[in-house]
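A.B. asks: Read off the chains here:
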Amino acid sequence: MNEHANLLIIGAGPAGLSAALAAAPRAKRIVLLDDNPLPGGQIWRDGPQAKVPGQARRLREQVLACANVHWHSSTRVIANPAPNTLLLENAERGWQIDYDCVILCTGARELLLPFPGWTLPGVTGAGGLQALIKAGLPVRDQGIVIAGSGPLLLASAATAKSNGARVLRIAEQASPAAIASFAAQLPRWPHKLLQSISLFDRQYRSASHVLAALGRDRLEGVRLKQNGKVVEIACDRLACGFGLIPNIQLAQALGCAVERQAVAVDSWQATSQPCVYAAGECTGFGGSERALVEGAIAGHAAVGNRQAAQRLWHRRARWQGFANALNTAFALDPALKSLADSDTLVCRCEDVPYAALTGHSDWRQAKLASRCGMGACQGRICGAATEHLFGWQPSAPRPPFSPARIDTLLCLEHTRDA
Amino acid sequence: MPDLTLDGRPLHVAAGTSVAAALALGGDGCSRTSVSGQRRAPLCGMGICQECRVSIDGRRRLACQTLCRDGMQVETRP
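For the record, the sequence lines run as chains A and B. Be aware that the first sequence starts at 1, since it is given in the working numbering, and climbs by one per residue. Be aware that the second sequence starts at 1001, since it is given in the working numbering, and climbs by one per residue.
What the hints contain is simulated information worked out from the structure, not anything from laboratory work. One or more of the hints may lead you astray.
To be verified - Far from chain A by the CB rule (all over 10 Å, computed), these chain B residues:
id, residue
1, R1009
2, D1028
3, S1036
4, G1047
5, E1051
6, D1070
7, Q1073
8, P1078
To be verified - If the Cβ cut is set under 10 Å, some of the chain A residues that face chain B in the computed set are:
id, residue
9, L112
10, L312
11, H314
Unchecked claim - Okay, the calculated bits of chain B under chain A, using three or more residues with CB under 8 Å as the criterion:
id, segment
12, 1014–1025
13, 1037–1046
14, 1053–1062
Heads up, the beta-carbon is just placed ideally off N, CA and C, and yes, glycines get one too.
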């Protein structure tokens, strides 16, 4: 059975929630979906060990209270079988939805780079560990090393500590000069300044990065390069993430232009495709405040309320400034391109080692020769890694966009104009 | 407060706990065996990497995006 939405919003993080709230007074039927069980996205992920801020709770309640907003949890986009039509799947069923207008709020994922030992149980992303803890992962009395880059390292450390973990080290790859210059700009955004002071940790080290995760069957320790010196720390967990990268796969599949690895949008948050808007981290990494204002602009613009959208432009510019400062400060050190050994697995789905990838000229050639990127994650992890390591451009995604059940694919029989 | 089964062993978890967290609460934290035989555990925690895929009541699901429910049968070994 097909569903119809006047406005479809994909992703229920800050941008998606904010878009729904802005559009609600003027839209007939809004459908908001997310592949997680609860709205809030990554930053406002709820769970037994999560502390969701009051602002997030209020926004969530306001949106879900709108009679014309229909919420689909744990729902993924599988394919785009016809114009303005998407194939969806949840735990129980598959179905098609057609829409007049769509706002993509697909967020960002962590850049996870391969290093020796990174496939050991006990190694996670930095934001990954935070998400897992919020959902109930026990870390009490565990020794944790956090490494990689960006403010997420501090946020992840704070979540781990508040749930009883011992954070043994936070290794930030950026130089002390880059961090000092970022910190000097923080007074422009007083709320961010306060936040960073509250997150300060005396285990924080700049100019430091992971060399290897150590252990046989699971993680036992980590080797770091800390300010030029090699150190080893015994630990129970290593949380390592090298910043955030926009999730642009669905936008690409819909034909939207991409600029600097993010969905390109104009001042109305409109993409290059008619009736397709994008907001939040998928248009470039910039934090929840920027996502909220972009979402609101997209929501207003999508229902034709250009005045309301335009009134928010100055606020967006303010948070875009913060995003720019962030992205400059935490630019990645080229040394991180040489962490993997020849036998380090790069593609974790098909277990393809680094040695099998060197010598290829592009992603497609490497993929055909080695099966890199042909597993369950469809190159979401290794495609981003090889883009960083070798400068390869991953090919545009093809449906199904994530592993789907046959029953779901059979729904395509009911595609209009098929 | 859901009661589930993890690789044949009973497990009781707090409401709202993800299956990914349950893997660590009731076992060694691992979710699957890779094509070359390595045991793996959840990595990205946000539904991207597919490392946490497990069998739940006979269907392949992502442990990090699935909440524990009463009576669930979770299997991490093929």
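A.B. asks: In ascending order, which of the hints set out earlier in this document are inconsistent with the structure?
C.D. replies: 2, 3, 4, 5, 10 and 11
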